[in-house]
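K.L.:
These protein sequence lines are chains P and C, in that order.
Okay, so the first sequence: first residue is 1 according to UniProt numbering, each after it adds one.
Okay, so the second sequence: first residue is 1 according to UniProt numbering, each after it adds one.
Please note that a few of the clues may not be correct.
With the C-beta cut set under 7 angstroms, the calculated list includes, among others, these residues of chain C facing chain P [what the hints assert, rightly or not]:
1) G366
2) K370
3) D533
4) L691
5) A695
Cβ-Cβ distance ranges computed for the label pairs, FRET-style [to be verified]:
6) V116/P to F508/C: 31 to 37 angstroms
7) K4/C to E97/P: 19 to 25 angstroms
8) K4/C to S387/P: 54 to 60 angstroms
9) Y163/P to Q563/C: 40 to 46 angstroms
10) K4/C to Y374/P: 51 to 57 angstroms
11) I428/C to S193/P: 51 to 57 angstroms
12) Q186/C to H314/P: 55 to 61 angstroms
13) S387/P to A713/C: 43 to 49 angstroms
14) H314/P to L98/C: 50 to 56 angstroms
15) D114/P to N677/C: 54 to 60 angstroms
16) K230/P to Q563/C: 28 to 34 angstroms
Quick look at which bits of chain P chain C covers, simulated, 3 or more residues with Cβ under 8 angstroms [to be verified]:
17) 198 to 209
18) 216 to 230
Derived by calculation from the structure, the hints in this document are not laboratory data.
Since the structure is predicted, the reported quantities are computational estimates derived from the model, not experimental observations.
Ideal Cβ positions, reconstructed from N, Cα and C, are used throughout, including at glycine.
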Amino acid sequence: EDEDDNLGLEAWERSYADDRSWEALQEDESGFLRPIDNSAFYHAQYRRRLRTTARIQKGLIRYLYIVIDLSRAAAEMDFRPSRMAVVAKQVEAFVREFFDQNPLSQIGLVTVKDGVANCLTDLGGSPESHIKALMGKLGCSGDSSLQNALDLVQGLLSQIPSYGHREVLILYSALSTCDPGDIMETIQKCKESKIRCSVIGLSAEMFICKHLCQDTGGSYSVALDESHFKELIMEHAPPPPAIAEFAIANLIKMGFPQRAGEGSISICSCHKEVKVGVGYTCPRCKARVCELPTDCRICGLQLVSSPHLARSYHHLFPIAPFDEVTPLLNDPRNRSRSTCFGCQQSLLSSGNKPGLYVACPKCKKHFCLECDIYIHESLHNCPGCESL
Amino acid sequence: MIFKLEDVTVYFPYDNIYPEQYSYMLELKRALDAKGHCLLEMPTGTGKTIALLSLITSYVLSKPENPVKLIYCTRTVHEMEKTLAELKLLHNYQTRHLGPAAKILAIGLSSRKNLCVNSRVLAAENRDSVDAACRKRTASWVRALAAENPNIETCEFFENYEKAASAAVLPPGVYTLQDLRAFGKQQGWCPYFLARHMVQFANVVVYSYQYLLDPKVAGIISKEMQKESVVVFDEAHNIDNVCIEALSVSVRRQTLEGATRNLSRINQEIERFKATDAGRLRAEYNRLVEGLALRGNLPIADAWLSNPALPSDILKEAVPGNIRRAEHFLHVLRRLVQYLRGRLETENVEKEGPVSFVASITAHAGIDQKTLRFCYERLHSLMLTLEITDTDEFLHIQTICDFATLVGTYTRGFSIIIEPFDERMPHIPDPVLQLSCHDASLAVKPVFDRFQSVVITSGTLSPIDLYPRLLNFHPVVSRSFKMSLTRDCICPMVLTRGSDQLPVSTKFDMRSDPGVARNYGKLLVEMVSIVPDGIVCFFVSYSYMDEIIATWNDSGILKEIMQHKLVFIETQDVVETTLALDNYRKACDCGRGAVFFSVARILLARLEYLRDTFQIKEGDFLTFDALRQAAQCVGRVIRSKADYGMMIFADKRYSRHDKRSKLPGWILSHLRDAHLNLSTDMALHIAREFLRKMAQPYDKAGSIGRKTLLSQADLEKMTNDGSINEMLY
Numbered sequence: 001e002d003e004d005d006n007l008g009l010e011a012w013e014r015s016y017a018d019d020r021s022w023e024a025l026q027e028d029e030s031g032f033l034r035p036i037d038n039s040a041f042y043h044a045q046y047r048r049r050l051r052t053t054a055r056i057q058k059g060l061i062r063y064l065y066i067v068i069d070l071s072r073a074a075a076e077m078d079f080r081p082s083r084m085a086v087v088a089k090q091v092e093a094f095v096r097e098f099f100d101q102n103p104l105s106q107i108g109l110v111t112v113k114d115g116v117a118n119c120l121t122d123l124g125g126s127p128e129s130h131i132k133a134l135m136g137k138l139g140c141s142g143d144s145s146l147q148n149a150l151d152l153v154q155g156l157l158s159q160i161p162s163y164g165h166r167e168v169l170i171l172y173s174a175l176s177t178c179d180p181g182d183i184m185e186t187i188q189k190c191k192e193s194k195i196r197c198s199v200i201g202l203s204a205e206m207f208i209c210k211h212l213c214q215d216t217g218g219s220y221s222v223a224l225d226e227s228h229f230k231e232l233i234m235e236h237a238p239p240p241p242a243i244a245e246f247a248i249a250n251l252i253k254m255g256f257p258q259r260a261g262e263g264s265i266s267i268c269s270c271h272k273e274v275k276v277g278v279g280y281t282c283p284r285c286k287a288r289v290c291e292l293p294t295d296c297r298i299c300g301l302q303l304v305s306s307p308h309l310a311r312s313y314h315h316l317f318p319i320a321p322f323d324e325v326t327p328l329l330n331d332p333r334n335r336s337r338s339t340c341f342g343c344q345q346s347l348l349s350s351g352n353k354p355g356l357y358v359a360c361p362k363c364k365k366h367f368c369l370e371c372d373i374y375i376h377e378s379l380h381n382c383p384g385c386e387s388l
Numbered sequence: 001m002i003f004k005l006e007d008v009t010v011y012f013p014y015d016n017i018y019p020e021q022y023s024y025m026l027e028l029k030r031a032l033d034a035k036g037h038c039l040l041e042m043p044t045g046t047g048k049t050i051a052l053l054s055l056i057t058s059y060v061l062s063k064p065e066n067p068v069k070l071i072y073c074t075r076t077v078h079e080m081e082k083t084l085a086e087l088k089l090l091h092n093y094q095t096r097h098l099g100p101a102a103k104i105l106a107i108g109l110s111s112r113k114n115l116c117v118n119s120r121v122l123a124a125e126n127r128d129s130v131d132a133a134c135r136k137r138t139a140s141w142v143r144a145l146a147a148e149n150p151n152i153e154t155c156e157f158f159e160n161y162e163k164a165a166s167a168a169v170l171p172p173g174v175y176t177l178q179d180l181r182a183f184g185k186q187q188g189w190c191p192y193f194l195a196r197h198m199v200q201f202a203n204v205v206v207y208s209y210q211y212l213l214d215p216k217v218a219g220i221i222s223k224e225m226q227k228e229s230v231v232v233f234d235e236a237h238n239i240d241n242v243c244i245e246a247l248s249v250s251v252r253r254q255t256l257e258g259a260t261r262n263l264s265r266i267n268q269e270i271e272r273f274k275a276t277d278a279g280r281l282r283a284e285y286n287r288l289v290e291g292l293a294l295r296g297n298l299p300i301a302d303a304w305l306s307n308p309a310l311p312s313d314i315l316k317e318a319v320p321g322n323i324r325r326a327e328h329f330l331h332v333l334r335r336l337v338q339y340l341r342g343r344l345e346t347e348n349v350e351k352e353g354p355v356s357f358v359a360s361i362t363a364h365a366g367i368d369q370k371t372l373r374f375c376y377e378r379l380h381s382l383m384l385t386l387e388i389t390d391t392d393e394f395l396h397i398q399t400i401c402d403f404a405t406l407v408g409t410y411t412r413g414f415s416i417i418i419e420p421f422d423e424r425m426p427h428i429p430d431p432v433l434q435l436s437c438h439d440a441s442l443a444v445k446p447v448f449d450r451f452q453s454v455v456i457t458s459g460t461l462s463p464i465d466l467y468p469r470l471l472n473f474h475p476v477v478s479r480s481f482k483m484s485l486t487r488d489c490i491c492p493m494v495l496t497r498g499s500d501q502l503p504v505s506t507k508f509d510m511r512s513d514p515g516v517a518r519n520y521g522k523l524l525v526e527m528v529s530i531v532p533d534g535i536v537c538f539f540v541s542y543s544y545m546d547e548i549i550a551t552w553n554d555s556g557i558l559k560e561i562m563q564h565k566l567v568f569i570e571t572q573d574v575v576e577t578t579l580a581l582d583n584y585r586k587a588c589d590c591g592r593g594a595v596f597f598s599v600a601r602i603l604l605a606r607l608e609y610l611r612d613t614f615q616i617k618e619g620d621f622l623t624f625d626a627l628r629q630a631a632q633c634v635g636r637v638i639r640s641k642a643d644y645g646m647m648i649f650a651d652k653r654y655s656r657h658d659k660r661s662k663l664p665g666w667i668l669s670h671l672r673d674a675h676l677n678l679s680t681d682m683a684l685h686i687a688r689e690f691l692r693k694m695a696q697p698y699d700k701a702g703s704i705g706r707k708t709l710l711s712q713a714d715l716e717k718m719t720n721d722g723s724i725n726e727m728l729y
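With the rest of the complex left out, here is chain P (with noise of 0.2 angstroms):
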């Protein structure tokens, strides 16, 4: 009786039901089921995005919010096992790779329930306490209200000095919002407080994130399934362009504290706890603090270490996108280059067919796909420039 009702489907009904196994084939010419090739759509996916972010002025310092939606909509599972559970999985994973690409940024938690918006964690650089804090608040109820969210990240994000970059995540699973006033007004605060506001939708397109978007400058995007998902929390990790009017030099104060010697007993200022060994030193008021990148409790410096300058300063200066090159076969000289400089392995693809790739404009050394794709978003350097 209840065969449109997923709960009555035994498991392994259900796993062929959900996962729709036989869309991910196609079929070939000669009639051979195979697996759909998507690596060339992907490098266009990422070459567009390349294109987009090539030199020009970035925020490093970047004060993020990330807004989770836990109404109702977000216990539908059109994604496994729920909306819910998918975006904290992503969230933990965005979080990491958040501060490893700036680690001079800070982001906070915002989770949305039952129309209200609450802080779950303040602005912190520490992934841990973000990750903990989210994973014990699962559970969603409740309508959705864009409204307050942003006017909660709003308030928050305003007391943030101006050299940073105010940002705004929203993780969005439901397809309405229920406002208590005029949503209009809040979006117009948004706008002249110059907080750039994204959205990730997870069931459809809505007028008004892409309104809220495009006014306020972020992207909106909305997920097919929770590899693309994947994919589109990711694009917000890299520093997004400057703007306009931040990009003018700007010095900012900043602290380099020491670490503390080994075995020194003190009570630091973030927990008020007494701590052994690990802890740095505010260099102007000598507080101890247990992690970097932070304000400083006492003082107010903002407080780094110089591999987190380091780590950021790649995004200054991107290495060029390469060039897609597509190889004349009977090219002698091509033969002697058909393998990879990065990897060694043979740029021929199965069937001695040449398949799609890219040089490095002033090194003129081929590299496959995969090796650009590393290249460019990990290692920051191209090895065909530095072995000259």
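Take the given structure of chain P and dock chain C to it, following the hints.
P.N.:
Below, chain C alone, put in the same frame as chain P:
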């Protein structure tokens, strides 16, 4: 871009053109060459307006020996402004390329409410009171009085305009209503009268349908238009309804009461005039003896747009003796109102033809057909003579006279329907007497007869062969174009079964089945939870909508819907519906989400007439009208190629080929076989996938295989190698 279209050089203000725009222009050009009427269907969002404007203006530029005037009719003021804005862009482009030779004068014409710049006149709230407030200040006798008595208020803008006399002209250019107001303010001339004056000189005139179709207005505004004009009816899928509305009158109890009040007002005025200025009334009497045509404002020799409400012989005839005197005319009107009041006292629905209705008036009220026929003009003349300026007060008596004239003039194509109460509220007596017109061709006939080319165009004109029959004309070109899309942005589905696999239909015998109502409810509940922003839900009639909403309310379905979206319901009250629509739009925009319950209504009384006169089968027309409604709803969805929408035809009858084939081609081409026979859960799955897919960013220009944007170079290449014909057909 600039390109050659046969012997015409077309100036198109954008760098790229859609292939369908190109073929649209080609067909239009051929129709203009043939000096005939044409019927063109092209989906919304493909840039019909700019294609049309740029072809016609370019056509005129290429053939300066016979200047053609463009009369562009839109349905709303908003559309008018949009059209003029596009024209302005085009005009700038053309003057940039051709210099001052391309200069044209284009103006929009609207009511005083939209054009007036006098703040005191504008303070009035609705259109009629603005008109009246204007007349109060500009009528000739008021101004004559004001010349002696400075305390009488006049309008300085109108005075300045009059003073400037023939010097008051608009320099060439494109004027939106806004521009006209700004120009008027700056020069101190009244923009309304200036625009009305300039209409005869303008190369392009943009105004509302009513100015051509409504015989009452057309007589004043459109009489000076030359025969060598191209008339365009944009968004014309409802043109037959507009025509019918222009000639339909409904009389309610309030109308009759108002008319009685008006009559006693007029009576007082007559008494006053008798005492002060008896000569005026006598002069009017003499004029009427000589016939209406000589009255001055209806030039007889000019066989222009003959007023359909008044056959041409009426203009030459003398006004019947029994209503020449003002008092006698009043008596006639009193008797008529009395008679109508008596007819409204009925208990059951009555339906009658005009002939028997007139016979009954003659028998009971002693008014013959000829007298009835002259009522409207006679009233008009009387009000002018009595120098009545607050015309908005006299709407009721005007309605009655309008009614009388129509009943007296036509013996066919109309029927009189008296309903004692609203069908939904049988306990509250609210009698209404409707004179409803069945023949759309009556109002539009003069337009076809008078103008060289009439272009009827819209996003949905399917089936395209029905329109010529409905409007009774012979198009030289009638074609339907498909939209070239970069992605499948519309997703039509035919849903035939509910989630319990039982068929759903609004067929009469299945309607009241509780299972069907439940299935529809389930479908909607599921849909509101997966579709963002707005959903419009169409019902076949008000009574069915009420019934189903009541059922849903009882079973708690309505409450479930409200968890996701707000619910708005269309009613027969225009104000309420406008308000509901407004709030619906707001709810969609601010992200709350909303469902709008609306009715795709069908006029049953017209069917019989259509069968008799135009050999259109009832079944055909019903399907046509219902599907036209459906198609229009979808047309609303797509406003540009970036938009997307879903449409669910939830009735098992749509799975039949004969019904489905009446849908416009551009919908049919997207209706995949796999989407033809769905149940609720399958439809939900498809909807989910579709919405996700559509939310992804996409490439505007289209891939190489499916070229949807042509640049000038592309076009030249295609013209040279002949592949353009391939693309078109």
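K.L.:
If you check each hint against the structure, which ones fail?
P.N.:
Hint check: 1, 2, 6, 7, 15 fail, others pass.
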